[in-house]
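Student: Residue numbers (the numbering used here), protein chains in the order written: chain A, 9 to 242; chain B, 269 to 659; chain C, 1171 to 1571.
Possibly wrong hints are sitting among the right ones.
Away from chain B, derived, C-beta distances all over 10 Å, residues of chain C [stated by the list, open to error]:
hint: 1; residue: D1217
hint: 2; residue: E1254
hint: 3; residue: P1257
hint: 4; residue: D1274
hint: 5; residue: P1276
hint: 6; residue: K1297
hint: 7; residue: E1301
hint: 8; residue: K1336
hint: 9; residue: S1354
hint: 10; residue: N1403
hint: 11; residue: R1446
hint: 12; residue: L1487
hint: 13; residue: L1496
hint: 14; residue: M1515
hint: 15; residue: K1520
hint: 16; residue: A1534
Derived list of chain B stretches under chain C, where covered just means 3 residues or more per stretch with a C-beta under 8 Å from a C-beta of chain C [to be verified]:
hint: 17; stretch: 278 to 291
hint: 18; stretch: 303 to 309
hint: 19; stretch: 405 to 418
hint: 20; stretch: 545 to 558
hint: 21; stretch: 608 to 616
Bear in mind the hints are in silico, worked out from the structure with no lab data behind them. Ideal Cβ placement from N, Cα and C applies to all residues, glycine included.
Each chain is listed here by its residues.
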Amino acid sequence: MIKLTNVNKFYPVGKTNFQALADIDLEIGKGEFISIEGESGAGKSTLLHVLGLLDTFDSGEYWFEGTDVRRMGDAKASALRNRRIGFVMQDFALIPHKTVLFNVMLPLLFSKTPLRGMRKRALDALEQVGIAEQAGKRVNQLSGGQRQRVAIARALIIEPALILADEPTGALDSQTSRQILELLTKINAARGITVVTVTHSKLVSDYCRRKIVMADGRIVQDQAAPASALAEGI
Amino acid sequence: MHYLILTAHRIRDHLRNHSVILLLYLLGLFASILFFLYYFGNFAVADRFANLYGEQLRTYSVSFPEGIAPDAGRLAALGAENVLVVYHDAQVDPERTNVLILEEEEIIVTDSQTGEETVMQPGSQYTVQARSDDTYPYGAKFGSVEFPDPLEDNCIVLGEISLSARPNMDVLRTEPNPVVCLDGVSYRVLGVHDYGYESCIPYALFAANRLTVDRLEIIVPALLTQAEGDTFAAQLQEMFPQAQVQSPYATYSQYLAGEEQQRADALRMASVLLAIAFFVFMFLVKYLFDLSRGEDVVYRLVGASRETVTLLCPLEVLALTLLAAVAASVFHAALFDVLFDKINVYAGLEYRLRDYVFVAALSLLVSAVVCIPFLIGIWRNSILVEKNKYQ
Amino acid sequence: MKRIYLFFSSLRESLLADLLVLAVLTVALFVFMDAYGMYRYITMTYDLTQKAGLHARAVYFCPSVDMDNMETEEQLRAIKSEVEALPGVQEVLIDRWGTAACGDMPVKVTASTESLRRMTPAPDRGKWFEEGINADGSVNVVVAGKQFNDAQIGDEIPVQIGPERKPYTLRVCGVLSIPAVVPSFGGYGSQVLTSTFFKSESGLLIGEDAFDTLFTEDIERISSQFFIDFDQNASQETIDSAQEALTRLGGYQTLEDILRDTRAFNATTFKQVMVRPIFYVVIAFVLLVSISLLYVFKRLKTFSVYYLLGYSKRRILADMAWRAGLIALVAGAVNFAYLHVYSSMVAAGKIEAVVGACYFGAEADGMLLLLVGGMFLLTMLASALVLRGKSAVVFLRESRD
Chain A
9 MIKLTNVNKF YPVGKTNFQA LADIDLEIGK GEFISIEGES GAGKSTLLHV LGLLDTFDSG
69 EYWFEGTDVR RMGDAKASAL RNRRIGFVMQ DFALIPHKTV LFNVMLPLLF SKTPLRGMRK
129 RALDALEQVG IAEQAGKRVN QLSGGQRQRV AIARALIIEP ALILADEPTG ALDSQTSRQI
189 LELLTKINAA RGITVVTVTH SKLVSDYCRR KIVMADGRIV QDQAAPASAL AEGI
Chain B
269 MHYLILTAHR IRDHLRNHSV ILLLYLLGLF ASILFFLYYF GNFAVADRFA NLYGEQLRTY
329 SVSFPEGIAP DAGRLAALGA ENVLVVYHDA QVDPERTNVL ILEEEEIIVT DSQTGEETVM
389 QPGSQYTVQA RSDDTYPYGA KFGSVEFPDP LEDNCIVLGE ISLSARPNMD VLRTEPNPVV
449 CLDGVSYRVL GVHDYGYESC IPYALFAANR LTVDRLEIIV PALLTQAEGD TFAAQLQEMF
509 PQAQVQSPYA TYSQYLAGEE QQRADALRMA SVLLAIAFFV FMFLVKYLFD LSRGEDVVYR
569 LVGASRETVT LLCPLEVLAL TLLAAVAASV FHAALFDVLF DKINVYAGLE YRLRDYVFVA
629 ALSLLVSAVV CIPFLIGIWR NSILVEKNKY Q
Chain C
1171 MKRIYLFFSS LRESLLADLL VLAVLTVALF VFMDAYGMYR YITMTYDLTQ KAGLHARAVY
1231 FCPSVDMDNM ETEEQLRAIK SEVEALPGVQ EVLIDRWGTA ACGDMPVKVT ASTESLRRMT
1291 PAPDRGKWFE EGINADGSVN VVVAGKQFND AQIGDEIPVQ IGPERKPYTL RVCGVLSIPA
1351 VVPSFGGYGS QVLTSTFFKS ESGLLIGEDA FDTLFTEDIE RISSQFFIDF DQNASQETID
1411 SAQEALTRLG GYQTLEDILR DTRAFNATTF KQVMVRPIFY VVIAFVLLVS ISLLYVFKRL
1471 KTFSVYYLLG YSKRRILADM AWRAGLIALV AGAVNFAYLH VYSSMVAAGK IEAVVGACYF
1531 GAEADGMLLL LVGGMFLLTM LASALVLRGK SAVVFLRESR D
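Next up, chain A with everything else stripped away, as it sits in the complex (with noise of 0.2 Å):
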């Protein structure tokens, strides 16, 4: 499904250049659900923002769905990533302001999708993440945990084939985060949609299936994990 090739990405840090990325050979099925690990600095944020197509990178290759991603204006990205990528943030990425159902509803808007049906489709994907009933409230009325469903259901509004998750459980305490996992488990296992994390929490690695591990902008380490550590009750 995702193919990238030697890529690599160069940020300008005063008069020299700092590579973030380098030689990247990586390749993701459909239905994987892998975490990215990794000291601060390694390149793990870095490498997640060039897979959602927030950022390009100076070299290499990158193949999504088939598509070559390099050449592709800042119009057919954002279109792309409208369609096939949910985002999952640490700080939620919601506007905090408006109300649930419109947040999830956002994605919509952005595209050619008619102006009925949405908000079925949006309570339908609450509904999945389990807060329908939070549907008319502001997201800045919810709790940590119900702020990251409501993210969830907006990345599913879409039927992504790839959700990003950049520290989903970062500001939620550990039972939340076991829940927030435990939905992204069930929605990668039932709908075969690839979840990619990064992440620096032991929890959070225990539910993926195979980690990569970087340093220094490269790919150190590439495997899937055990069954035996995989989480409980999955």
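With the hints as your guide, set chains B and C onto chain A.
Tutor: Showing chains B and C alone in chain A's frame:
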């Protein structure tokens, strides 16, 4: 793409959360557009020349090389709806005139508008005029300028030239029965007016004494357009084939062309002033844009393109401008009679619907242009930079 | 010191916006005050005529004389005598003037009677003379206009008068600054306004007795129009009869008609001259309020921290007051300076070509103060209303949202 919904949401959010700033911005736009309406009506549209010199622009002149008899038919027909001013170049009889002592030298009279010089010989023609409404815009330089009602005899109010060319003002002061004799008819001198050279007699006397009409002016009741004026002039030419007919648009063509240029300049100036006003109030809406940056990041995350996010800002500004323009137009129209008509430079200015539509459209255009510098910053920013800054 | 430091460091944050508001406010005030000055120049003659205390039925009279005649002045004097003799006539006001040599320059010297002084503005510096001629033989003079704009009280001006160039010393007791509007009965027309018999001139004004001493009739000139004032106790019939007699000597317009026509003209002038500047000031005021309130909202987070750390709300308001006040003060000061250097700059020929003739009396200062002060107070009121009822917690919460 549901731009309208998103724009409406944005504005509603700002109204809910930052109402003071939003209302101040609307107030600024409202005041600016109201001023533009005033400026537009008074300087970019109003016909200054027609307002100040309305009668001149309504006056069509007919000159007869031979003079015509005061033909009741044609003049009566013209005079039914228009004011007529008839001129006659009379011959002075010095023997029967006791106030006009004719000079030996020539008297040269220069027309202040055309610069044309007319030489009056001793004992030569002396122009009298009569208006069909007997209303003259002059004051009294000497004696009385009011015609008696009812008319009992031939009377005349002399023009200024009769004084400036006369060495003996004492004659007029001391003579108990001042008389001038024109074309063999004696006229009692009532006084001297201060408005030009021609002397004036009652219109009824002009016809009664069968003075020939050497020149005729027709003052129409309402201003005609240039096309209508040309048609009217053609009708006059048909009525008086031997005469020379002049439309006021020809007479004052230079002034009118100058006015047209001034109106265009005024519109440009008003647009510039409007742009400056809109620009300075953009600081308020820039603040609102900045507050929405966090929201913009979310939009980008869920797949809105850079163009989309950038476009939302001018849409917001245009929506607010339209609201302010409509409010200003309604306010102006509603209070026109009690307030705005009283501060108009010219009386009787009218604002039509198309004027309000034009002002609204121009306001939208100016708003769109003024927005551009503020959009460049939004356009240039990358998702990640914004994400780090605003989240 | 620390508060000044805090204040200026906060100014730096919004420097561009503040400079823009300052520029807009200064220009708007300048345009308004300039228009006001032009309007006052046009309307001041109405005020001067009204305060002259003339009879309600006074007339501005144009004698009918042959203007090309060498004996015009003689005729005018004859008519004046005839008019003065009419029953009910209190006084005939005329211009009397002559030319003196002041160094190489000719200068107009005008006789100023008590009645004429009632129609003239008070000197901007010094005062009118009580005695025309001093004990030492010097003549007291009020100087007027561009030529004498920089004269000082007590200055002595040597002049020569007449074909024999007889020397006299004039001592300055008062200065009428530009525009130096004085009565001048040289104009007439089909519509007479109060401005018809006033003029902005440069010259010397001396007492009537002094004028009679310095100028003989052969070198004196008089105006071709008169202002005829009637006795306040004269009956209406007497005045009717006098006015009827005047029609045999020339033409006139009544003071009532003149004032009525002038009021209509002034109303039109107001619309032509003042309406646009009023709009500019309103827009500048809305801008000042807007930017001041924007400043409040932008610094909510900062204020919340200040508040938490012990800065009182009163101090926050004072901070805002300083800021808005500084802008208003600078804009007002620039314009105040303009009002007070206007006459010097016109005298030096620096700005006459740029702006129209203006009159800036004491009321111009008052108008400016009212505008600037009013805008400042209303801005502070708006800011205080916004801050009203906000506690530290509210500050913090709103700054986060």
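Student: For every hint, state whether the structure bears it out.
Tutor: Do the hints match the structure? See the list:
Every C-beta of chain B lies more than 10 Å from that of D1217/C, the closest at about 22 Å, which supports listing it as non-interface. Look at E1254/C: its CB is around 17 Å from the nearest CB on chain B, clear of 10 Å, so calling it non-interface holds up. In this structure P1257/C is separated from chain B by more than 10 Å, as the shortest Cβ-Cβ distance comes to about 19 Å. Non-interface status of D1274/C relative to chain B is upheld: no Cβ of that chain comes within 10 Å, the nearest being about 36 Å off.
Taking the minimum C-beta to C-beta distance to chain B, about 28 Å, the non-interface status of P1276/C holds against the 10 Å cut. Even its closest Cβ contact with chain B, about 39 Å, leaves K1297/C beyond 10 Å, as expected for a residue assigned away from the interface. No Cβ of chain B approaches the Cβ of E1301/C within 10 Å, the least distance being about 41 Å, so the stated non-interface status holds. Every CB of chain B is more than 10 Å from the CB of K1336/C (nearest about 35 Å), matching its label as outside the interface.
Non-interface call for S1354/C relative to chain B: holds, since the shortest CB-CB distance, roughly 19 Å, exceeds 10 Å. No Cβ of chain B approaches the Cβ of N1403/C within 10 Å, the least distance being about 28 Å, so the stated non-interface status holds. For R1446/C, the shortest C-beta to C-beta distance to chain B comes to about 7 Å, within the 10 Å cut-off, and the non-interface label is violated. For L1487/C, the non-interface assignment is confirmed: its Cβ lies about 16 Å from the closest Cβ of chain B, beyond the 10 Å cut-off.
Interface exclusion of L1496/C from chain B stands, the closest Cβ pair being 18 Å apart, more than 10 Å. Every Cβ of chain B is farther than 10 Å from the Cβ of M1515/C; the closest lies at roughly 26 Å, confirming the non-interface assignment. At roughly 25 Å from the closest C-beta of chain B, the C-beta of K1520/C stays outside 10 Å, upholding its exclusion from the interface. A1534/C, annotated as away from the interface, keeps every beta carbon of chain B farther than 10 Å; the closest lies near 22 Å.
With 4 residues having a beta carbon nearer than 8 Å to a beta carbon of chain C, the stretch 278 to 291 of chain B meets the requirement of three or more and the stated coverage holds. With 3 residues having a Cβ less than 8 Å from any Cβ of chain C, the stretch 303 to 309 of chain B passes the three-residue criterion, so the hint holds. Counting residues of the stretch 405 to 418 of chain B whose C-beta lies closer than 8 Å to any C-beta of chain C gives 8; at least three are required, and the coverage claim holds. Evaluation of the coverage hint for the stretch 545 to 558 of chain B: fulfilled, as 6 residues show C-beta separations to chain C shorter than 8 Å, against a requirement of three.
Chain C is given as covering the stretch 608 to 616 of chain B, and this holds because 3 residues of the stretch bring a CB closer than 8 Å to a CB of that chain, at least three being needed.
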